[in-house]
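2 protein chains.
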Amino acid sequence: MSQLTFWFELASTYSYLSAMRIDDVAAAEGVEVVWQPFLLGPIFAGQGWNNSPFNIYPAKGAYMVRDIDRIASGRGLPFAMPKTFPANGLKAARLALIGQSEGWIAPFARAVYTAQFRDQANIADDDVLIAALEEAGQDAARALKAAGDQDVKDRLKQNTNSAKSLGIFGAPSFTAADGELFWGDDRLEQAVAWAKRR
Amino acid sequence: MSQLTFWFELASTYSYLSAMRIDDVAAAEGVEVVWQPFLLGPIFAGQGWNNSPFNIYPAKGAYMVRDIDRIASGRGLPFAMPKTFPANGLKAARLALIGQSEGWIAPFARAVYTAQFRDQANIADDDVLIAALEEAGQDAARALKAAGDQDVKDRLKQNTNSAKSLGIFGAPSFTAADGELFWGDDRLEQAVAWAKRR
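Just so you know, the protein sequences line up as chains A and B, in that order.
If you read the first sequence in this note's numbering, its first letter stands for residue 383, the second for the next number, and so on.
If you read the second sequence in this note's numbering, its first letter stands for residue 383, the second for the next number, and so on.
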């Protein structure tokens, strides 16, 4: 079965758009999705940014909100900017990696995104992560403890380095098995079609 | 008839994609296109950039070329990066404004884009502009002389200021009569649909 890797950052608005539909879009074409969390922070830092470009460039930030409003509304998806943006998605990403090993990454990630971009919660808060873990059917205390393990921390660093090596500079991104890179929710269909052909 | 304003920069790769199809896409929906040239340079300068972001951020630049390769090839459109990128599009934009007044802006702009992104020419060269003017059926010497008029220079400055006031930060952009802003060739269909509904 063809595979497509979905590179997402849990604090990213456009990643939210893809997370809520990628499993359906890919399944319709018989493509399997590998959910791969990474951090944009270190990648943005490499470009000289210490903040989201949507905060650094206000016109771009204002446009992003309006653009996502229109797209989300067209898909019947709620969207509201959280009070803190961008959130620190570090702990959420480490939890997602545990979910990747154990098979609950997608429902957990969707619960995190919904808390953030529907309910405007801060995903750096343990309470918010606990609720998302429970929504994904997990023992939250166990998962939070495991998220502090050194190998989980290392895997996340490695993921972010892999993303950089693949030429990734933003989220969401999608890579096919041959390394072909697609950036942005608006390239999802193209990425799925590419993965399917190979 | 509904109108959509097409804000383009003659040195912009993604503007090329839209310029080659916007008249057809809009006509199919009964929407009239107003071609409006502007300069990205002053807008980028306001964001602290003295070059194209595709040069400042190499990963983004490499991706842009690949992304346009894929899209252009899907549309049967040639695409090759010019030797000089970004070109200085100042004189081409002034000529385009004359074409706007006289009704030949679209064929002229398409000839400029084709010279640049198919034949890899530098659109700052008079020879290239003369060929594009002739392709648009114009007396090149007359148009080049008129491009030096103060009111043409002023109109281009005013266009760039208007773009900024509308929240434009990149090209291509599209605005509807109610001020609604869309950015990027991948938002063209959405922009046309918006203009049509209003």
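By construction, these hints were calculated from the structure, which means they are not laboratory data.
Misleading hints may appear alongside valid ones.
A pair holds if it fits inside one copy or across any two, identical chains being indistinguishable in the list.
[Claimed, not checked] Straight line, CA to CA, 30 Å or less: simulated DSBU-like cross-link-like pairs of lysine-lysine:
{"id": "1", "residue 1": "K442", "residue 2": "K578"}
{"id": "2", "residue 1": "K535", "residue 2": "K578"}
{"id": "3", "residue 1": "K473", "residue 2": "K539"}
{"id": "4", "residue 1": "K473", "residue 2": "K578"}
{"id": "5", "residue 1": "K535", "residue 2": "K442"}
{"id": "6", "residue 1": "K442", "residue 2": "K527"}
{"id": "7", "residue 1": "K578", "residue 2": "K465"}
{"id": "8", "residue 1": "K465", "residue 2": "K546"}
{"id": "9", "residue 1": "K535", "residue 2": "K546"}
{"id": "10", "residue 1": "K473", "residue 2": "K527"}
{"id": "11", "residue 1": "K578", "residue 2": "K527"}
{"id": "12", "residue 1": "K546", "residue 2": "K578"}
{"id": "13", "residue 1": "K442", "residue 2": "K546"}
{"id": "14", "residue 1": "K527", "residue 2": "K465"}
No experiment lies behind these values; they were computed from the predicted model shown.
So, going through the hints one by one against the coordinates:
{"no.": "1", "hint": "K442 <-> K578", "result": "between (33 Å within a copy, 25 Å between copies)"}
{"no.": "2", "hint": "K535 <-> K578", "result": "neither (32 Å within a copy, 51 Å between copies)"}
{"no.": "3", "hint": "K473 <-> K539", "result": "within (12 Å within a copy, 48 Å between copies)"}
{"no.": "4", "hint": "K473 <-> K578", "result": "neither (33 Å within a copy, 45 Å between copies)"}
{"no.": "5", "hint": "K535 <-> K442", "result": "between (32 Å within a copy, 27 Å between copies)"}
{"no.": "6", "hint": "K442 <-> K527", "result": "neither (38 Å within a copy, 37 Å between copies)"}
{"no.": "7", "hint": "K578 <-> K465", "result": "neither (39 Å within a copy, 35 Å between copies)"}
{"no.": "8", "hint": "K465 <-> K546", "result": "both (29 Å within a copy, 27 Å between copies)"}
{"no.": "9", "hint": "K535 <-> K546", "result": "within (17 Å within a copy, 43 Å between copies)"}
{"no.": "10", "hint": "K473 <-> K527", "result": "within (11 Å within a copy, 63 Å between copies)"}
{"no.": "11", "hint": "K578 <-> K527", "result": "neither (38 Å within a copy, 54 Å between copies)"}
{"no.": "12", "hint": "K546 <-> K578", "result": "within (24 Å within a copy, 41 Å between copies)"}
{"no.": "13", "hint": "K442 <-> K546", "result": "both (23 Å within a copy, 12 Å between copies)"}
{"no.": "14", "hint": "K527 <-> K465", "result": "within (27 Å within a copy, 55 Å between copies)"}
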